[in-house]
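Visitor: What follows is the residue order along each chain.
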Amino acid sequence: MNSSASLHKLGRFALWFWAGLGLLFLFTPILVTIVFSFNEPAGKYNYIWNKFSLAAWADPFKYPELSEALIFSLKVAVVVTIIATILGTLMGVAMVKYHFKAKGLVGAILILPLTMPEVVLGFSILTLFVSINWSRGFITIVIAQVMFSVSYVATTVRARIRGFDWRLEEAALDLGASSWRTFTRVTLPLIAPGVVAAALLTFALSLDDFIITYLNSGLDNTFPIQIWNMKRSRIPVQINVFSTALLLLSVLTAVLVVVQGQRRARKMAGMTI
Amino acid sequence: MIEIDHVVKRFGDFTAVDDAHFSIAQGEFFSMLGPSGCGKTTTLRMIAGFEQPTSGAIRLDGADVSRVAPNRRDVNTVFQQYALFPHMNVYDNVAFGPRSKKLDKATIAKRVPEILDIVRLADFAGRRPAQLSGGQQQRVALARALVNLPKALLLDEPLGALDLKLRHAMQFELKRIQREVGITFVYVTHDQEEALTMSDRIAVMSDGRVEQIGTPAEIYDTPATVFVAGFIGQANLWPATVTSRRGDSAELTALGVAGLRATCHVDGVDANASAVLMVRPERVSISATEPTGDIQRVCGTVTDLTFQGPIVRLALTAADGSTIIANVDPDADLPMLRPGDMVWAFWSTDAACVLPTQPQVPSSIRSTQEN
Chain B
1 MNSSASLHKL
11 GRFALWFWAG
21 LGLLFLFTPI
31 LVTIVFSFNE
41 PAGKYNYIWN
51 KFSLAAWADP
61 FKYPELSEAL
71 IFSLKVAVVV
81 TIIATILGTL
91 MGVAMVKYHF
101 KAKGLVGAIL
111 ILPLTMPEVV
121 LGFSILTLFV
131 SINWSRGFIT
141 IVIAQVMFSV
151 SYVATTVRAR
161 IRGFDWRLEE
171 AALDLGASSW
181 RTFTRVTLPL
191 IAPGVVAAAL
201 LTFALSLDDF
211 IITYLNSGLD
221 NTFPIQIWNM
231 KRSRIPVQIN
241 VFSTALLLLS
251 VLTAVLVVVQ
261 GQRRARKMAG
271 MTI
Chain L
1 MIEIDHVVKR
11 FGDFTAVDDA
21 HFSIAQGEFF
31 SMLGPSGCGK
41 TTTLRMIAGF
51 EQPTSGAIRL
61 DGADVSRVAP
71 NRRDVNTVFQ
81 QYALFPHMNV
91 YDNVAFGPRS
101 KKLDKATIAK
111 RVPEILDIVR
121 LADFAGRRPA
131 QLSGGQQQRV
141 ALARALVNLP
151 KALLLDEPLG
161 ALDLKLRHAM
171 QFELKRIQRE
181 VGITFVYVTH
191 DQEEALTMSD
201 RIAVMSDGRV
211 EQIGTPAEIY
221 DTPATVFVAG
231 FIGQANLWPA
241 TVTSRRGDSA
251 ELTALGVAGL
261 RATCHVDGVD
271 ANASAVLMVR
281 PERVSISATE
291 PTGDIQRVCG
301 TVTDLTFQGP
311 IVRLALTAAD
321 GSTIIANVDP
331 DADLPMLRPG
341 DMVWAFWSTD
351 AACVLPTQPQ
361 VPSSIRSTQE
371 N
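Residue numbers (my numbering), protein chains in the order written: chain B, 1 to 273; chain L, 1 to 371.
These aren't lab readings, by the way, just hints derived from the structure by calculation. Cβ atoms here follow ideal geometry from the backbone N, Cα and C, with glycine treated the same way.
Computed list of chain L residues with no C-beta within reach of chain B, every gap over 12 Å:
#, residue
1, L60
2, E114
3, A125
4, R297
5, D304
6, A319
Covered by chain L, according to a simulated footprint, are these stretches of chain B (three or more residues, beta-carbon under 8 Å):
#, segment
7, 168-178
8, 185-191
DSS-like cross-link-like pairs, simulated, lysine-lysine; straight-line CA separation at most 30 Å:
#, chain 1, residue 1, chain 2, residue 2
9, L, K175, L, K151
10, L, K101, B, K97
11, B, K62, B, K75
12, B, K267, L, K102
13, L, K105, B, K267
14, L, K101, L, K151
15, B, K75, B, K231
16, B, K267, L, K101
17, L, K102, B, K97
18, B, K44, B, K231
19, B, K267, L, K110
20, B, K51, B, K62
21, B, K267, B, K97
All chains, full assembly: derive it from the sequences and hints.
Guide: As structure tokens, this is what we get:
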């Protein structure tokens, strides 16, 4: 009896130990990034801990090229998120709701950007822009990012709305609502959690993307590209500051989404979506 | 009021509805009854506008609505699993229709509580569908569909998801509400008891065809086809050979007995043709001695006796080997019967119906049944 209890205790300890190690492995790089945003490096490279300082937090916009790149990245992300979310949602809904001839083929094509190496994807769309003689910049970045983001949105939305009760749409039409009113008042509110999740994912992917964006950016620099460019001359602490701020922002958003989702789930307990 | 004019609906090679032709009167409680896949729901969905007929027309108050979108038709549907909007409370669910039709706020604020009163849900206006019982959800669905005051209310197996007790209560509730609002109800069900209890008229459907249309009593007492006789209630169905027919009465040979007489209300039953003789088990009486009078009688051997509470179910074997089922009153003055006893089974002439062998439905039957 006693030995089994202590064995149980040991098992729990081992579980927590290994789980802790796993989490440590995942989060150490992020922790380092945060900690180093309070560093005052000895030279131009923020690689080695020197001493604690709030200087970078006090002056985050010290390097205009970095700040501009961040703002540019945010602009791209907003536009890409809007376009990709709309297109991807419609695609995801169509894939669940309708039965059409080339459905399997469309599904396969939709998955393709998720499985194809980014460098192939980025290079093929670059080839297209070069061959039609488009100069690279904001628009080509947006097009290239929308191209792969749509797949993420469509697959996310599709997974979330499987099991959606389409008779609700019939019920709305039956009661005299137009197709538009049916979509905005019935379908959209019910699939909103899936759509919001897809939009957040797209926003993060857009901010984060390097290879495809780099190949199609021309002279414009997004935040990751700017870091890449700067690293030959300096790695300022401001990079860590921005990264930490973005991290906080995304954690905050994730928490909000989860809390909101739970509130919704409580309200509609019993419904399936 | 609602006219189904030679409507055909095909899905690819499959014919879901085959030349349905009937009309439903204003204020009528009309049921479409049949096994699953008989085309009743498809017909309802065509009236609602979710499906379009392959050929033929559907008319509402004389106007052809076959190609009119569901949101522009003056009919509303109560769906099988209710299809209530889960993100709206009861009030908003019910107000969805009037708001979509852009009625003014004052009318909506007056009409929604009125209709919630009729379905006895006034105290639940603020609840969400998930917080209601099955029966309450059912009534929200009803209120939501009635609030637009449609020309007809279409109900697709609305009681299917409820348990037996609640189903019986809701049958009365539905009839009460229909009387109160005076709207035409078109009701789809596979439950014959439900259809018999509530309907003014019933259309019995099978394999996409309308087999018979009539009042519950007409359908039960004088079925037009073997299918209808077998689907609604219990029926003895024996192969028979018609020897002569004059008007509504026929003489035939069945159960190894010649000269039996029966009524006949349909075409396709002619002299020397094979046919089917139908007698309901509760119309069959039993006697130990040969009965006399203006009745039809057959001799048989008792093979089985089952006590079923209000009735005793008796199985006899006739001279030709056919089985005769009789549901008799256990209090009836019967001798002690045992398997192997010889008894007489008899019924009044008008309890027996002759039906055509083939489940054919000549158009003449439909047009006489329709009014």
